[in-house]
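Working from the sequences, and respecting the hints, build out all of it.
As they're listed, the protein sequences go chains U and G. For the record, in the first sequence the residue sitting at position 115 is 115 according to my numbering, with numbers rising by one throughout. Residues are numbered in my numbering as their position in the second sequence, beginning at 1, plus a constant of 1000.
Since the hints were made in silico from the structure, they are not lab data. Among the hints, erroneous ones may be present.
[As the list claims (entries may be wrong)] Some chain U residues near chain G, calculated using beta-carbon distances under 8 Å:
1) 65
2) 94
3) 199
For each residue, glycine too, the CB sits at the ideal point set by N, CA and C.
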Amino acid sequence: MHIAEGFLPPLHAAAWTVVALPFVVVGARRVTRLLREQPQLKLLLAAAGAFAFVISALKLPSVTGSCSHATGVGLGAILFGPAVMTVLGTIVLVFQALLLAHGGLTTLGANVFAMAIVGPWVAYGVLLGMRWLNVPLTVGVFLAVMLANLATYGVTAGQLALAFPDPASGVAGAFLKFAGVFAPTQLPLAVVEGLLTVVVINLLRQHGAHDLRDLRAFPQTFVPEVRS
Amino acid sequence: MTARNGWLLAAVVLVVVVSLVVGGLQEEAEFAGTDGQAMDAVAELRPDYEPWFNPVWEPEGEIESLLFALQAALGAGVLGYYLGFRRGQAQGRRNRVDAGD
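Here you go:
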């Protein structure tokens, strides 16, 4: 989902930066408040960021004979809330833009919007809905993360379609073309990311239950039942 | 919980291996990145479009691998540290309770 450096016309690049900026600013405030009010969660926050680092570094093969990568933003979004994850996702994207020539500075706003804003909010919203429907937690986590991953790539396809509409079929035609590049490849990767996130949640419930009690995005949701 | 994670990880490996095998059977299977393919699609839709900004720094092939590995290693290291540290703390608490403190 990285739109390469210089691959959005200046006007689009600027517009996405303007759209993304308030989310990053609010997210940064949330992170500051979290670290001030709940310093004991600093380590778990680092772990959530670390998960995004690992996951977004792995380029995985897909059934289409292409490669793509997962995003890793779902875990942090459901633990700390989407605003906090926006900051962590932005850090990952800046790292990749500066050191790996993946994505870019001019397209940072658009990429942040897709991976670090829409992805986390979809994960959060889906899990909220799943909790409301009383779906088992692990199933809800899996679906939330999987859909967040797919939504991120959908947004990227939309951003490219808006910038480069098809001469014949317009924005919609271009969207189908870009989505056709991403969607079939992304599907198994979204499943992999969903499964891995459930594994990490299980590990956290096993070993980090103390931290899970203090989380406020989904209060008390991840705390394992007390065995007497 | 541990047994369930074992199955989940096995499922991850299965999905990746099946993807690799099925993907390898496709015509022109080069396992190229979709990010690059999307930029090729841009070139198809708008052959006259020239990227107007270049990456500030672009690592060479092997250096790129190094940095990707570094990114993954940093992430895995911190995540592993967190889980190990908390596991040890929980163990310590249990031991103290057993000792009757």
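Verification of the hints:
1. Interface hint status for residue 65 (chain U): upheld, as the beta-carbon distance to the closest one in chain G is roughly 3 Å, under 8 Å.
2. A least Cβ separation of about 12 Å between residue 94 (chain U) and chain G goes past the 8 Å threshold, and the interface hint is therefore violated.
3. The closest approach between the C-beta of residue 199 (chain U) and any C-beta of chain G is roughly 5 Å, which is under the 8 Å cut-off, so the hint is satisfied.
The structure fails to meet hint 2 from the earlier list, while all remaining hints are met.
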